[in-house]
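Generate the whole structure from the sequences, applying the supplied hints.
Number of protein chains: 4
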Amino acid sequence: MNTNKRKIVNDPVYGFISINNDLIFDLIEHPWVQRLRRIRQLGLTNLVYPGAMHTRFQHVLGAYFLMNQAIEVIRSKGHEITDEEAEAVNIAILLHDIGHGPFSHALEFGIIEGFTHESISELLMAGLNAQFNNRLTLAIAIFQDKYHKRFLHQLVSGQLDMDRLDYLRRDSFFTGVSEGVVGSDRIIKMLNVVDDKLVVEAKGIYSIEKFLIARRLMYWQVYLHKTVLSAENLLINILKRAKELSLQGDKLFAPPALEYFLFKKFDRSFINAADEKDLNTMLQHFVRLDDTDIISATKVWMEHDDKILSTLCQKMISRQLYKIELQNQPFSAERIAEMIEKTEKHFSLSSKEASFMVFADSITSNIYETGEHNIGILYNNGKVVDIAEASDMLNMQVLTKVVTKHFLCYPKEIISKI
Amino acid sequence: MNTNKRKIVNDPVYGFISINNDLIFDLIEHPWVQRLRRIRQLGLTNLVYPGAMHTRFQHVLGAYFLMNQAIEVIRSKGHEITDEEAEAVNIAILLHDIGHGPFSHALEFGIIEGFTHESISELLMAGLNAQFNNRLTLAIAIFQDKYHKRFLHQLVSGQLDMDRLDYLRRDSFFTGVSEGVVGSDRIIKMLNVVDDKLVVEAKGIYSIEKFLIARRLMYWQVYLHKTVLSAENLLINILKRAKELSLQGDKLFAPPALEYFLFKKFDRSFINAADEKDLNTMLQHFVRLDDTDIISATKVWMEHDDKILSTLCQKMISRQLYKIELQNQPFSAERIAEMIEKTEKHFSLSSKEASFMVFADSITSNIYETGEHNIGILYNNGKVVDIAEASDMLNMQVLTKVVTKHFLCYPKEIISKI
Amino acid sequence: MNTNKRKIVNDPVYGFISINNDLIFDLIEHPWVQRLRRIRQLGLTNLVYPGAMHTRFQHVLGAYFLMNQAIEVIRSKGHEITDEEAEAVNIAILLHDIGHGPFSHALEFGIIEGFTHESISELLMAGLNAQFNNRLTLAIAIFQDKYHKRFLHQLVSGQLDMDRLDYLRRDSFFTGVSEGVVGSDRIIKMLNVVDDKLVVEAKGIYSIEKFLIARRLMYWQVYLHKTVLSAENLLINILKRAKELSLQGDKLFAPPALEYFLFKKFDRSFINAADEKDLNTMLQHFVRLDDTDIISATKVWMEHDDKILSTLCQKMISRQLYKIELQNQPFSAERIAEMIEKTEKHFSLSSKEASFMVFADSITSNIYETGEHNIGILYNNGKVVDIAEASDMLNMQVLTKVVTKHFLCYPKEIISKI
Amino acid sequence: MNTNKRKIVNDPVYGFISINNDLIFDLIEHPWVQRLRRIRQLGLTNLVYPGAMHTRFQHVLGAYFLMNQAIEVIRSKGHEITDEEAEAVNIAILLHDIGHGPFSHALEFGIIEGFTHESISELLMAGLNAQFNNRLTLAIAIFQDKYHKRFLHQLVSGQLDMDRLDYLRRDSFFTGVSEGVVGSDRIIKMLNVVDDKLVVEAKGIYSIEKFLIARRLMYWQVYLHKTVLSAENLLINILKRAKELSLQGDKLFAPPALEYFLFKKFDRSFINAADEKDLNTMLQHFVRLDDTDIISATKVWMEHDDKILSTLCQKMISRQLYKIELQNQPFSAERIAEMIEKTEKHFSLSSKEASFMVFADSITSNIYETGEHNIGILYNNGKVVDIAEASDMLNMQVLTKVVTKHFLCYPKEIISKI
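Chains as they are written, first to last, in my numbering: chain E, 40 to 457; chain S, 40 to 457; chain A, 40 to 457; chain R, 40 to 457.
FYI, nobody ran anything at the bench for these hints, they're computed from the structure.
All values derive from a computational prediction rather than experimental measurement.
Keep in mind that the hints are not guaranteed to be accurate.
Identical copies go unnamed one by one, so any copy, or any two together, can satisfy a pair.
30 Å max Cα-Cα, derived DSBU-like pairs, lysine-lysine [as the list claims (entries may be wrong)]:
no., residue 1, residue 2
1, Lys242, Lys444
2, Lys422, Lys451
3, Lys422, Lys188
4, Lys46, Lys362
5, Lys304, Lys290
6, Lys242, Lys362
7, Lys236, Lys316
8, Lys290, Lys303
9, Lys279, Lys303
10, Lys451, Lys46
11, Lys346, Lys290
12, Lys116, Lys46
13, Lys236, Lys422
14, Lys279, Lys290
15, Lys46, Lys236
16, Lys116, Lys316
17, Lys242, Lys265
18, Lys303, Lys46
19, Lys304, Lys116
Okay, here's the thing in structure tokens:
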């Protein structure tokens with residue numbers, strides 16, 4: 040082993056993270072992974088929780104650290120994971136977020152409508168595999184759940200994967216919402232494999248209950264915090280408006296990478312028509328784009344002639360976010376119409392323009408991803424029981440239910456008028 | 040009190056920070072303070088310690104939190120601090136970093152040669168005072184050490200001020216260098232005032248020793264870490280080169296706020312000649328500038344025609360920093376000349392151009408600010424003794440000595456040639 | 040105030056605990072409170088979790104610390120708590136555990152059958168009140184829920200009292216079961232009072248859910264841990280056997296305070312017949328008794344002639360505890376009979392004697408105290424909703440249900456025979 | 040491997056401690072090691088720092104945990120440690136404190152004058168070796184520094200051994216003196232071996248400085264805290280007086296193990312005359328003795344006829360400790376005489392009796408053990424430099440100097456008379 044490539048990274052969450060593998064070291068040094076240093080894990084959440092400045096780079100290193108622990112535990116219980124498989128599953132977790140752009144959600148809704156970060160991840164992994172002489176082939180197979188040992192995939196993406204274990208703990212650490220802290224140590228120590236499926240040993244059941252409760256708490260207290268939702272929707276509207284103006288020929292200020300995405304449509308028809316060269320061009324620009332471009336441009340657009348764009352940008356930068364209401368039922372058409380009317384009057388806008396200021400929407404599938412398999416609890420007698428049955432405590436119907444919350448955003452200015 | 044303005048902020052370091060004062064609430068909401076959300080406390084240090092993404096905004100809130108504790112302790116020991124003074128000293132600590140630009144050090148060396156962040160702080164405080172109907176007058180007097188109760192100034196700026204207590208602890212927290220953690224709780228509990236001077240009660244002496252050792256540790260392990268120094272100097276050279284090209288008329292890509300500073304000289308002669316309007320224009324641009332502009336532009340400049348600029352920017356973004364050597368003596372002229380020659384050959388550069396790639400410099404006054412008064416230790420008999428005498432443990436000569444370290448930076452590429 | 044009596048106590052959980060009140064200082068110094076330094080909070084739990092050596096003394100100081108925080112929060116929300124009431128509620132929490140003897144549960148089952156720790160607490164509080172010139176009268180009224188501001192009593196004893204908030208956090212801290220950690224800071228910050236009832240503001244609902252889950256986790260992972268149950272029952276049997284022998288006239292080794300309780304029956308008839316002098320004698324001995332007496336005597340009894348007593352004591356000291364089985368249904372008479380028979384044979388015991396070695400019992404009311412009022416959640420519109428309704432997440436039926444677990448204990452030696 | 044013997048122990052300091060070795064598991068279960076559960080690491084320190092209830096059992100488990108880390112680090116740097124050696128060095132650290140009795144210092148000064156805990160450790164290790172079929176022979180050789188790889192001994196006993204690394208961190212954790220926390224992780228990561236000597240790599244120098252400062256802080260703030268010294272000396276006098284009375288034929292209450300030591304002289308002449316049987320008898324009683332016997336007896340002696348003994352015991356149990364003065368020079372004969380005279384008068388004592396109440400003594404060799412080798416710092420060029428030279432910061436003269444502090448103890452009652 041080339042010892043020059045051994046490295047110890049300080050991490051506020053776990054202490055020290057050791058990198059002991061040349062290929063992994065080289066991947067971490069690659070500009071496409073380094074780019075994650077400039078993409079915050081929680082987007083605009085720092086507007087509510089100032090500590091939430093941590094990046095996707097820190098997160099993937101942390102998930103890699105946990106993966107090493109999980110491999111050691113599973114091996115110690117008599118299940119084979121070859122060195123090759125260990126390297127591959129480590130690579131898979133290291134690269135699992137590589138397709139995330141800046142403010143992922145906003146970006147996908149605002150300017151690259153046709154692409155999800157998952158699809159871009161796959162394109163970038165394939166690109167890296169080519170650059171690294173196909174040494175990532177096994178990692179990609181595991182990532183795509185095409186490898187026969189399927190529990191390896193579950194370590195990367197499943198109900199108890201290293202991604203979640205790290206992000207819940209890390210997000211809770213940096214936001215300062217200490218109640219979200221997850222006992223990742225204990226959960227990992229309780230992992231086992233039965234019939235090629237990741238399970239948790241029975242005495243870990245309370246830890247799992249607490250993990251699910253902590254996750255729920257983080258959802259409502261952080262990920263779907265009203266003010267965070269408001270800020271994200273503000274950014275979506277900024278990007279939509281900027282793109283609208285760009286497509287109309289307005290030469291907006293923007294760094295070239297952002298400009299590329301603003302001045303081109305990335306809908307289904309682009310994807311269907313795109314040849315390899317088109318995709319490559321897209322990726323070349325994508326890997327140049329990060330949080331700094333969006334924020335820097337937003338500041339410039341505060342002075343733009345378009346009143347909508349400049350108003351939205353001023354609101355973002357001075358943190359004068361939308362007023363937001365949240366409720367279980369959809370907002371009535373009358374209510375929305377009333378708010379729109381007030382906004383049109385207050386800002387002298389057309390109704391088309393006002394739609395950037397007042398809008399109702401809902402968040403649905405974001406809370407708990409559907410279609411996931413429940414967590415299996417392994418009893419001493421060898422039986423595996425679904426957590427939904429094993430736990431008499433949790434209302435699993437609630438946990439697995441798709442929750443829809445409706446929200447209405449409007450400018451603060453119009454309330455004082457009421 | 041307008042209770043709508045009471046607020047609790049989550050902070051990973053202290054838990055909860057309460058804001059209970061309208062004026063302070065409004066100052067925190069002011070765009071000039073909000074701007075600090077986009078300026079990292081430790082600049083490029085995250086290239087070595089990935090957790091070091093925390094901002095000056097978090098730091099000033101933390102220092103404000105500690106100030107409230109200190110006020111409570113000092114009052115409990117029988118020293119009067121009126122409510123007005125308490126508000127003022129809180130404002131002073133809240134605003135003490137307001138003049139910091141992005142990557143402060145690099146900025147001051149690279150493009151706004153004539154201004155220190157201290158001088159800009161004073162200009163901005165004056166500006167805020169005008170906007171807030173002179174309600175900051177007492178705060179500014181304390182900040183400038185013009186108020187008769189001088190211990191209040193020492194809480195803002197002195198050997199044991201709330202600034203240092205917070206940043207040592209916070210920087211150590213976020214870098215993960217846990218040994219730098221300072222027992223701010225205990226030190227604050229031991230504060231007292233004698234003859235209008237902040238002192239530490241005798242039983243706090245070991246805490247002070249540990250504070251000084253922790254500070255030293257943070258200097259060598261974080262603030263003056265070789266790789267951080269290398270990155271900072273790389274950025275200085277990027278900004279210098281960009282400014283050089285701009286002044287020659289090259290229309291570099293840059294957001295307007297950065298453009299303003301690139302295309303104008305900010306030396307002594309500007310300051311001497313500047314009228315209020317000039318200064319205002321400068322400040323208007325300054326408060327628009329933050330980390331995102333510098334990073335975003337650096338990425339664009341990777342493609343610039345000027346080979347020096349593009350090479351430096353590529354190195355920064357792909358984290359291929361200078362190789363750096365550190366030593367106690369200056370580097371010999373021969374050694375430097377040799378490295379320059381190698382660099383000229385390797386990159387086919389003129390010697391003027393090579394100076395952006397190879398250079399020797401020293402860091403001197405950065406380690407311990409000179410001219411500071413030592414810390415007084417208050418014994419039970421009422422006597423105050425200098426820490427230098429009170430501690431038989433610390434080699435105070437070492438601590439107070441101005442240390443000069445010489446360093447030599449050059450591109451990694453030229454070594455493999457050797 | 041007599042500043043000699045101000046004191047700061049270091050606490051590993053909260054940092055510093057300040058004592059700023061003379062009466063409270065004097066109560067803490069009183070031998071009856073100091074005695075709690077020699078009574079572990081979690082009895083024999085340290086046999087499973089070696090860190091669980093913390094004492095009831097630490098716990099009452101911690102609960103006192105939290106009470107001061109709660110008082111400050113409730114006052115800040117506009118509810119009056121006079122200085123006199125604040126002192127009284129602080130005293131009430133400080134003294135709430137004063138009637139606990141060593142290994143409380145074991146003691147009550149083993150040798151002082153007629154007394155609960157609650158009844159002894161009341162006797163001791165009355166005693167202290169006499170010694171302190173009736174300055175504790177208000178504290179006792181609050182403790183007994185006889186004071187008209189009933190929310191003060193709820194702070195001492197209720198679903199979210201400072202007792203629980205401290206012990207969950209402290210027990211979790213010292214056992215190292217970090218998942219039991221409760222966000223006491225946030226819960227206290229969310230406390231409010233409506234209609235003289237303690238409630239939690241709506242945005243604290245997730246913290247309450249997590250508090251309840253953490254509490255359940257601590258129950259199953261710590262308080263009712265199988266091995267802990269086994270050790271407690273072993274100690275109960277040791278004490279029962281020792282008392283049996285003593286009442287038969289066997290002069291067992293014991294320090295006088297323990298001797299007093301071993302050689303006298305403390306059943307209902309004693310209580311009914313007891314005059315003030317009898318009770319005083321009892322209390323004089325009770326306040327001399329602590330963990331050290333029980334453990335020290337147990338070691339001596341390892342050599343006692345009575346085979347049952349010596350065997351049980353040897354098992355305790357060498358940590359060869361009963362084998363224990365836990366299940367939801369009662370154990371069948373046949374199963375128990377079979378184990379008894381085996382034990383009789385293995386150790387050559389009469390069936391009376393074997394009952395100290397093999398026995399079935401159940402734990403019922405220990406998990407969640409019944410008859411408690413649910414926690415009220417205060418919404419922004421002023422409505423208070425029961426947590427059982429407010430939380431769609433928790434299965435409150437499960438939480439409030441009286442759970443009965445049946446257990447069977449027997450000596451390990453007889454299994455190898457099977 | 041017998042997997043029944045694998046075990047995970049929760050530890051509040053390190054999280055989880057895994058035991059993966061049968062022999063080590065059996066040693067931990069042995070009654071002589073289990074006894075350490077009943078011996079507090081810091082004796083009477085909990086009278087000042089209530090959290091300091093942790094035991095020597097927790098400490099040896101912790102030191103064992105760190106040893107496993109150190110072995111892994113040293114192996115990873117290319118130095119061979121065979122599995123046999125690893126087991127042996129682990130056993131050595133596990134047993135290094137096995138000869139400690141209750142309140143070690145007090146015991147050695149008070150009743151077993153002829154024995155040090157080191158000498159008893161060696162006797163007990165030999166006894167265990169016999170019980171375990173000589174499987175501890177290598178461990179004992181390492182412990183006694185008779186094994187040719189001497190760095191293994193240094194891991195057990197040296198300037199940076201696992202004993203110190205654990206106890207500094209653990210004592211600081213449980214006392215709540217958070218400033219004593221040592222970065223054991225980083226120090227262990229920096230360990231290396233040069234010429235069969237344990238050294239620290241150069242970039243760990245600041246951690247070493249901090250370790251030494253933290254150690255000094257713990258000495259002055261905890262280990263030699265005035266009140267702790269006072270309590271220890273009170274206990275020494277209690278034990279001395281009890282022994283004096285016992286040797287005069289007074290049948291003091293005591294559990295048999297304590298009785299044995301009270302009624303026999305354990306001076307040099309005993310040791311010289313003792314045959315193996317005598318020593319065995321002594322050890323049999325010694326391993327029965329723990330903190331509970333001393334405290335339980337002290338409580339009984341509060342009622343003893345001997346006024347000196349009962350007064351001292353009452354003072355201990357009610358925490359009315361001696362008043363203590365500390366200074367750098369010896370106390371003058373006049374001062375001492377004056378205090379003795381006052382005490383004689385106040386308590387109507389003979390001068391012989393008064394010597395239990397008033398006495399001057401000094402603490403000398405306790406602070407830093409002399410004769411230890413300094414810590415070697417390993418530079419990148421392979422040179423090893425003494426920390427005394429390598430650190431320009433620490434005043435090593437101070438650190439290594441034998442400090443003598445003189446103290447004078449007397450009853451509080453006599454001051455109010457002055």
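Now for the hints, and whether the structure bears them out:
Proximity of lysine 242 to lysine 444 under the C-alpha cut-off of 30 Å is restricted to the inter-copy arrangement: shortest distance 17 Å between copies versus 35 Å within a copy. For the identical chains of this complex, lysine 422 and lysine 451 are inter-copy neighbours only, at 26 Å across copies versus 57 Å inside a copy, given an alpha-carbon limit of 30 Å. Only within a single protomer do lysine 422 and lysine 188 lie at most 30 Å apart by alpha-carbon distance; the minimum there is 20 Å, versus 50 Å between protomers. In this assembly of identical chains, the alpha carbons of lysine 46 and lysine 362 lie at most 30 Å apart only when taken from different copies (17 Å versus 47 Å within one copy).
Taking the closest pair of Cα atoms, lysine 304 and lysine 290 come within 30 Å of each other both inside a single copy (16 Å) and across two copies (29 Å). Taking the closest pair of Cα atoms, lysine 242 and lysine 362 come within 30 Å of each other only across two copies (18 Å); inside a single copy the shortest separation is 46 Å, beyond that limit. For a Cα distance limit of 30 Å, the shortest separation of lysine 236 from lysine 316 qualifies neither inside one copy, at 40 Å, nor across copies, at 61 Å. Within a single copy, lysine 290 and lysine 303 get their C-alpha atoms as close as 13 Å, and across copies as close as 25 Å, so both meet the 30 Å cut-off.
Within a single copy, lysine 279 and lysine 303 get their C-alpha atoms as close as 12 Å, which meets the 30 Å cut-off; across copies the closest is 35 Å, which misses it. Within a single copy, lysine 451 and lysine 46 get their C-alpha atoms only as close as 50 Å, which misses the 30 Å cut-off; across copies the closest is 19 Å, which meets it. In this assembly of identical chains, lysine 346 and lysine 290 lie within 30 Å of each other by CA distance both inside one copy and across copies; the values are 15 Å within and 28 Å between. Proximity of lysine 116 and lysine 46 under a CA criterion of 30 Å is satisfied in both settings, with 28 Å inside one chain copy and 13 Å between copies.
For the identical chains of this complex, lysine 236 and lysine 422 are intra-copy neighbours only, at 13 Å inside a copy versus 47 Å across copies, given an alpha-carbon limit of 30 Å. In this homomeric assembly, lysine 279 and lysine 290 come within 30 Å of each other (Cα to Cα) both inside a single copy, at 15 Å, and across copies, at 29 Å. In this assembly of identical chains, the alpha carbons of lysine 46 and lysine 236 lie at most 30 Å apart only when taken from different copies (25 Å versus 33 Å within one copy). Within a single copy, lysine 116 and lysine 316 get their C-alpha atoms no closer than 48 Å, and across copies no closer than 48 Å, so neither meets the 30 Å cut-off.
For the identical chains of this complex, lysine 242 and lysine 265 are inter-copy neighbours only, at 12 Å across copies versus 37 Å inside a copy, given an alpha-carbon limit of 30 Å. When the C-alpha separation of lysine 303 and lysine 46 is checked against a cutoff of 30 Å, the pair qualifies neither within a copy, at 42 Å, nor between copies, at 43 Å. In this assembly of identical chains, the alpha carbons of lysine 304 and lysine 116 never lie at most 30 Å apart, being 52 Å within a copy and 54 Å across copies at closest.
Checked against the numbered hints above, the structure breaks hints 7, 16, 18, 19 and satisfies the rest.
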